[in-house]
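So the protein lines, in turn, are chains A and B.
Its first residue numbered 1, the first sequence is counted upward by one per residue in the working numbering.
Its first residue numbered 220, the second sequence is counted upward by one per residue in the working numbering.
Watch out, some of these pointers could steer you wrong.
[Stated by the list, open to error] Listed next, the stretches of chain A that the computed footprint assigns to chain B, with coverage defined by at least 3 CB atoms under 8 Å from CB atoms of chain B: (1) 44-55; (2) 79-93; (3) 130-142.
Hints listed in this document are in silico derivations from the structure and should not be mistaken for laboratory results.
Heads up, the beta-carbon is just placed ideally off N, CA and C, and yes, glycines get one too.
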Amino acid sequence: MTNKIGDWVDERSGWRKQYEAIFLRKIPKINWLYTLGSATLFTMMLQIITGILLTLYYVPEPTQAYASVDYITNDLTFGWLIRGLHHWGSSAMVLLVILHMVRVIAYGAYKYPREATWFSGVALLLLTFSFGFTGYLLPWDQRAYWATVVGTRIGEVTPFVGGSLKNIMLGGEEISGLTLTRFYGAHVWILPGLLLGLVGIHMYLVIRNGISAVPDRTE
Amino acid sequence: MREDADPPVADQADSDAADPAQDAATNSQANTDPELDAKGLSRRQMLSRSVAVMGGAIAAGVAVPAIFYIAGPAAEDSGTAEWIRLGAASSVEPGKPTLMKVNIERRSGYLTTTEELSVFVTTENGSDFVALSNVCTHLGCRVRWVDDEGGFFCPCHNAVFNADGTVASGPPPSPLDEFEVKVEESQIFIKGAS
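Taking the hints into account, I'd like the entire structure generated from these sequences.
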């Protein structure tokens, strides 16, 4: 039965060929360090799911942001779990993305023909940091507030454009309700859009070029 | 069209038929093939089953709490199970439904909002009172009393209710909701629906 449905869809979409190209492709003999990219991808999916769930209750407005986070954490059934997964998942994702990058450096996997994969990966690293930075403000507590003060002051020392950069990030001279809404908008719309596009490119390149073998000691 | 479609389907059927046969062949030599364990599972089958089981467990681990998380507030009590004071009993004119309004506090999640509750109170003899909700039982629009016609009219789909709340005409499936009423020290109190 499922096979018949699969055939019907395959005849009209050719999904089997795509499935084979993605999941049944040939790979060299590798080790566990090669799972770090997949681990990052898994964490990303978990962040997307838990993040969407959090938007059902979170309110990006100065008088309600903290109260809504408090409600999610302490009153809602399993709210502590959903928020906890998102909170710890963000740290895990930064960690995994860096370990993944270290493995690529150590094995020289960024070399020809995989330079484009590396460049898209660097962009993804910066996106991951941006997610962490914008998401950190959203609970709207003291730690969130002062971390954003420090973070945007760091941006301010950029030569020539620093001052405008900080004011554009904050939506004014100081942190305000406008900062909260724009960080929220960036965190749930702008960055996810960029992330999904870049992850698509990154994974297309990984599959197209194949993964690199563990370098030989004599190479 | 059908003929065009046939060959690929037939091909698929062939390869499906080939797979079990191949499995049977490898199973028969299970003891000699180092790739197979005692149960005759290949390394590939074993791994893909493990992935399916672990993936399913992780998905369930997120999906089950997510369902509770989404449905949570629906189970919360919004807090209207107390007697609400509407106003003086003397303000209700016998024989004519009188609209009485009262502000109530409603809790939803971490927010408490003030809402206006409007209730039609009627009395025939000045001592027995009936309190009717002004919410149309069809789709929730607010009804109004029209004195000349002696009925409640709903503007949304032209429903008409009689003075006692029963349906006179139109689409509503049931009479107007009725509140529990008590009179204490010549003040009207209501409790219940809404």
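Handout entry: Structure versus earlier hints - violations, ascending order
Key = Violated hint: only 3; rest satisfied.
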